[in-house]
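As you go down the protein sequences, you meet chains H and V in turn.
Whatever position you read off the first sequence (first residue = 1), add 1366 for this note's numbering.
Whatever position you read off the second sequence (first residue = 1), add 206 for this note's numbering.
Hints may contain errors.
[Unchecked claim] Incomplete in silico selection of chain V near chain H, CB under 7 Å:
| # | residue |
| --- | --- |
| 1 | F292 |
| 2 | L294 |
| 3 | F415 |
Since the hints were derived computationally from the structure, they do not count as laboratory data.
The beta-carbon is built from N, C-alpha and C at its ideal position, and this holds for glycine as well.
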Amino acid sequence: MLANFDFDVIRRSLAYLFIDGMTFTLTLTALAAAGGLVFGTMIALMRLSGYRVMGWIAGLYVDFMRSLPLVLVIFWFYFLVPYIGQWITGSSRPIKVGAFASSLITFILFEAAYFSEIMRAGIQSISRGQPAAASALGLTYAQTMRYVVLPQAFRNMLPVLLTQTIVLFQDTSLVYVLSIPDFLGAASKVAQRDGRLVEMYLFAALIYFTISCIASYCVRRLQSRIAIIR
Amino acid sequence: MNYTWNWHIFLEPNPTGAGTYFDMLLAGLKVTIVTSLTAWVIALICGTIVGILRTLPSKAAGWIGFAYVEFFRNMPLLVQLFLWFFVLPELLPRTAGLWLKQMPNAPFFTAAVGIGLFMSARVAVQLAAGIGSLPRGQKLAATALGLTTLQAYRYVLLPMAFRIILPPLTSEFLNTVKNSAVAITIGLIELTGAARAMQEFSFQVFEAFSAATLMYLVINIVVVIGMRLLERAVAIPGYITGK
C-alpha cells in the first residue's frame, strides 16, 4: 500500500518547508508570546488595580477574546487592521498590511487575554506581606510591581506560560485560513501542487508532534526542578 | 473610514436563493451547535475511559492513557482534522477509503470525530486530576463495602470526580464550540464559515463578522448559565458548593 506513496516529495521541499515555513511559524510564535506576555501583564495589572473602571475594561477584554474562536479573530483582524492603520496614520485609504504583521497583531492581542489570566493567577499567588514590606521600604507602587511582585509571579508561572506558548505554537497553524505559508501552509501548498496530500500532511503532523513533545518534556523537567527548589 | 455600513444586508436574499443572509448565518449557527454537541459526546465518552485508565493502579493502563493524551495534545487541531479528512481514506483499504470519501456530510463527521478526540485528551486530564483529588478513603471505603473496582468507579469515584471538575468542563465545552470553527478548513459551513461566505458574497465584512461574534457571545452566556444551574442541581450537601 505504501508503495503508492512518494516520500521523496518531502526531501525535495525540505528547504521551502523549513527555511520559509518553519521560520515564519517560529518567529510568529516567539514574537507573539513575547508581545502577548507584555500586553497580558499590563491587562492583569489593570484588572488587579484599585481603579474599578480599568478592572472592568480589562475583564471585558479578556472575556470577549476568550469567547471567540481564534479563526474568527484571525478573520476580524485581517480585515480590520488595514482600517486601523488608516485611522492611525490618517491616510485616505486603508493601508496595506503584510500577512506577517496582520497575523502578529492578531496573535499578540488574542494571546494577551490568555497570558493575562496566567499572570493574574501568578500575581495573586504572592503573599500580601511582600507588597506591604516593599511599601514599608519606601518603594512606589510601580517599583513594588517591577522589583518584587512581577519577577516572582513570572517565575511561579513560568511552566504555565511555557505550556501556553506550546499551545500558541500549535495555534499559529490556523493562519492557514489566510493562505499564509507558515509551516503547515507551506506543506499544504506543496501537497496541493504535487497532489501529495498524504505524505505532506503526515510529515507536518510528525514535525508538530515531535517539537511539541520535546518542548512539553522540557517544561515538565523545569516544573519538577522548580518544585524541588521551593 | 471609507466603508459603507449597511445593517439591512441581513434582510437581503442570499446568493444560494434560500432565504436571507440572516437565514444563512442561522444555518451556520445550527451546524456549529450540532457539531459541538456531537464532538462533546465523543469527548466525554473517550475522555472518561482514558481518564479512568490514567488513574488505575496498573502500569500498562497508565501508560496507554499517557500515550493517548500526548498523541492528541501535541498536534495542532487543524493538522489532526487534515489527517482524518485527507490522509485516513488513503491509508485504509481501497473500498473502505472510497466509502469514507463518498460519505455524505463527510466534513461534519470528520469535524465531530476529530474535534471530539482532540477534546477527549483534555477531558481525560481533567477527570484524572478530579479522581486524583478525591480523598483516598473514598476508594478504600468502597472496597470495604465489597464493591468491585468497576462498581467503585461507577457509583463512588466518577460521580464525585465529575461534580468536582464541572467548572473546568464548562470551559472545555466552550473550547469545543470555539474549535468547531477550525472545521471551516475542511469545508464545513459552520457559523464562522457562514460569516466568511456572507462577507465574500456581500462585501459587508464587518456586519457579517459582528453578527457571528454576537452569536458566539450568546452561546457562551447560555452555556455558562446552563452549567451554573447544573452545578447547583448536582451539588452534594455538606460540600462547599452544596447547601
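Hint by hint, work out which the structure violates, then give me just those numbers in ascending order. Of the numbered hints given earlier, the structure breaks just one, which is hint 2.
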